[in-house]
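Chain by chain, the residues:
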Amino acid sequence: MSMATEQPTQSLPQGVYLEKDIDAGELTVNIGPQHPSTHGVLRLITTIDGEVVRDIEPVIGYLHRSKEKMAESRSLFQYQPTIDRVEYLSAFFDHYVFVTSLEQIAGLKVPKRMQYVRMITMELNRIASHLLWFGTFLLDLGATSPMFYAFRDREKIFSLFEQLTGARMMYNYYRFGGANADMPEGWLEGALDFCDDFEQRIDEYEAIVTKNPIFLDRTVGVGVVDAETLIAHGVTGPTLRGSGVALDQRKDNPYCCYDEVTFDVPVGQNGDCYDRYLVRMAEMRESLKIIRQAVRQIPGGDTADLMRRRAEGDEAANDIELQIAGQKINLLTYKAPPGEVMTTVESPRGFLGCYLITDGTPKAYRCKWRGASFSNLTVLPLLMKGRLFPDLMAIFGSIDVILPEVDR
Amino acid sequence: MQELLTQLITGFGLPAWLSFFLWAVVLYGMVAVVGQVAVVFMVLMERKVLAWLTQRKGPNRVGPWGTLQTVADGVKLLFKESIVGPGQDWFLFTMGPVIFFAPSFVLYALIPFTDRLVGITMPLGLLFVFALSSLSVVGIVLSGWASNNKYSLLGGMRSASQAISYEIPLVLSALGVAVAAGSLDLKTIVEAQNQGPFGLFSWYWLSILPVSFVIFHIASIAEVNRIPFDLPEAESELVSGYNTEYSGMKFAMFFLAEYASLFAMSALVVVLFFGGYYSPVGGLMLERFAGVHDNTLLGLEMVTWTVLKTYFFIFFAMIIRGTLPRLKPDQLMAFSWKFLIPLSLLNVFLVAALKMAWMTDGMLLTAGPFTFNLTYWITYGLTGLMTFIVLVGFGQLFGHKQPPLPGLSAAGP
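As you go down the protein sequences, you meet chains R and H in turn.
No gaps in the numbering here: position 109 of the first sequence is 109 in my numbering, and each next residue is one more.
To convert, count from 1 in the second sequence and add 408; that's my numbering.
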């Protein structure tokens with residue numbers, strides 16, 4: 001991989017590239033940074049021989065926004081609203097990993113109720129992210145309709161988020177030691193309604209797509225990769241699980257309240273695009289399971305109940321575990337104690353990590369992001385060697401890379 | 409009408425040969441107008457159908473129910489700058505859309521909308537249709553090359569290979585029709601399907617050429633570059649394929665011609681396999697049930713049937729577009745060369761045998777008072793078997809590699 005540096009010189013006569021390449025028998029096609037299916041601003045310098053891809057070189061850096069340097073130049077609270085943009089399709093995960101890092105350094109305790117809220121929002125966000133992936137993956141394969149269906153359901157999740165946080169994609173909801181506010185009344189019911197609705201929808205999608213002969217032809221046996229290679233490249237998430245490794249932070253290193261709910265980790269067998277598709281579809285079902293259990297188990301239940309109990313003077317309703325934040329901190333003057341911590345969560349794309357060093361000032365000394373997409377992208381050239389040109393879109397879609405997370 | 413024009417020309421004291429050329433202009437103008445109107449409607453229809461398939465409303469702002477949306481789009485494209493970039497061959501770049509555009513509209517002139525309303529009547533009409541429809545590929549390849557763009561070049565290359573692969577089964581399956589009808593004239597083919605009292609069931613799609621119909625329909629979708637065969641303009645890989653570099657009216661010509669050829673191909677399916685201008689109950693409804701013998705009214709009914717049936721197949725192609733993903737080039741080739749072409753070759757032989765059985769006595773088997781034509785029944789059985797192979801094999805060809813579903817395993821400590 002190389003950063004974007006050189007531009008083709010303007011002095012060369014137009015058309016020279018094309019003719020020269022054809023004489024050599026190979027054609028260098030510059031896919032992106034503006035291209036319908038690079039999912040952002042990825043540039044792929046592709047050498048093709050007819051329809052066969054000989055070589056591929058991803059060029060990244062077009063969306064670099066100095067997220068890590070920004071942490072060092074402003075206070076932690078000023079920095080927090082900007083980290084939604086690290087990975088905008090699943091912004092709750094970014095927030096969670098950053099907030100948790102500081103909570104561990106400062107020893108802030110998060111109320112149980114808020115931990116459950118975090119879990120529910122993250123799982124809903126995982127579904128939203130996988131839905132977008134479902135739509136775009138099928139769009140890359142040439143099917144236009146799934147995109148609209150996926151967006152319809154994603155819209156329902158977004159309206160839930162809008163009720164909760166006031167924003168549809170850039171939430172900025174979690175706070176150090178808790179969250180911004182408690183859920184609106186009836187929000188949990190809305191989440192359950194979504195689960196019931198979506199369970200039928202996902203059956204519908206699978207009925208149309210999963211056994212479609214053309215879809216099978218495009219994905220089965222395409223982009224096959226073994227687990228060792230993926231681990232060597234640092235690939236995580238559904239892409240790794242598609243190759244049969246049940247590596248999931250939620251199981252291996254339960255954060256939040258994931259040890260209090262039961263769910264399965266779906267794994268594939270063949271490590272091809274089709275298995276990665278199946279794993280993600282199964283993961284959406286598992287997320288539904290988690291949301292249902294969490295809604296059932298959440299301490300305090302619905303906010304309306306909690307408010308009523310508090311109004312009636314029920315002492316148990318004022319328990320610290322049912323508060324919005326475990327400890328009130330003054331955002332303007334807060335200085336985190338010196339410390340160093342690395343937190344990872346299982347984001348929809350794999351391990352999302354935040355390595356945070358604080359030095360007793362309001363700012364972070366260092367904030368390093370570990371994006372899953374960056375590591376997952378490294379395996380693309382390996383998978384593409386000798387494959388056909390249209391497979392590029394299937395494979396690139398199936399490893400689910402999002403460019404803001406690659407560049408940060 | 410040609411006579412009228414000739415009278416007019418000679419009446420002005422002009423030479424008679426001028427009317428021949430003028431007639432061509434007038435005819436093409438009429439065909440183009442009819443074609444444009446059909447295309448404008450089809451674009452709106454496609455957007456509405458796709459919207460219906462994907463739970464949207466579709467265009468609904470310009471005019472009532474968005475009916476003027478396509479007109480607005482057309483006007484927009486008309487006024488846009490037609491950019492020719494540096495390094496692009498201006499002449500070929502301009503000729504590409506023209507070569508693509510012209511044949512697809514001429515095809516309208518060959519379709520018999522009624523027994524009288526045919527732009528050009530020619531004994532070799534079917535052959536001319538294929539000659540024209542393969543000509544449009546030249547336009548794609550040319551514009552792909554002249555664009556000086558690698559995506560366009562790839563799209564043009566794909567288009568050429570696709571055209572070669574799918575025109576063979578297209579022509580071979582239409583050959584079965586020609587054999588069955590004993591003519592290449594489209595009107596004769598339509599008339600030949602109006603035999604017997606069964607209407608819908610005596611048309612070629614069911615009576616003798618079910619395999620031809622399936623192959624022809626698949627190949628015709630490939631011929632007009634629609635999903636799942638829209639490889640020349642696969643937007644997820646090739647941005648927009650051969651028309652990436654085009655803007656303004658040049659792009660609009662590609663756009664119009666695509667829909668025009670979709671209409672023409674659907675109309676051809678109707679003419680070859682679905683009884684053309686005849687009603688599904690056999691003959692014409694007005695004539696059979698109301699006893700009308702007025703030529704104008706009967707002509708109107710014929711046009712209605714042709715257009716209705718054609719739009720049924722257009723609608724079908726639109727539903728396919730909203731449902732299926734795109735094939736890969738190698739799968740596209742394999743499907744044509746390994747499956748469609750052998751099958752259509754076999755089909756031609758079977759149809760020829762069936763025709764022989766009809767024309768000659770064939771092998772007659774007399775059992776008591778009944779006489780069976782063995783050749784007829786054997787070929788008919790084989791055709792039925794092949795239909796089964798087509799329908800089952802289509803799924804099997806793609807579905808045989810399906811792996812076991814991944815096991816769900818509870819992992820963790």
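For the record, the hints were derived by calculation from the structure and aren't laboratory data.
A hint or two may mislead.
[To be verified] Keeping only pairs whose Cα atoms sit at most 30 Å apart, straight-line, the calculated BS3-like set for lysine-lysine is: (1) H:K746 to R:K211; (2) R:K328 to R:K363; (3) R:K156 to H:K746; (4) H:K456 to R:K156.
Practice item. Compare the distance between the alpha carbons of K328 of chain R and K363 of chain R with 30 Å, and conclude whether the hinted pair is satisfied. Key: holds, 19 Å
Point to revise | 30 Å limit on alpha-carbon distance, applied to hinted pair K456 of chain H and K156 of chain R | key: Satisfied, since the Cα-Cα distance of roughly 24 Å is no more than 30 Å.
Check your understanding: Is the straight-line distance between the alpha-carbon of K746 of chain H and that of K211 of chain R 30 Å or less?
Key -> holds, 23 Å
Point to revise | Restraint check for K156 of chain R with K746 of chain H, where alpha carbons must lie at most 30 Å apart | key: violated, 46 Å
When each numbered hint is compared with the structure, a violation occurs for hint 3 only.
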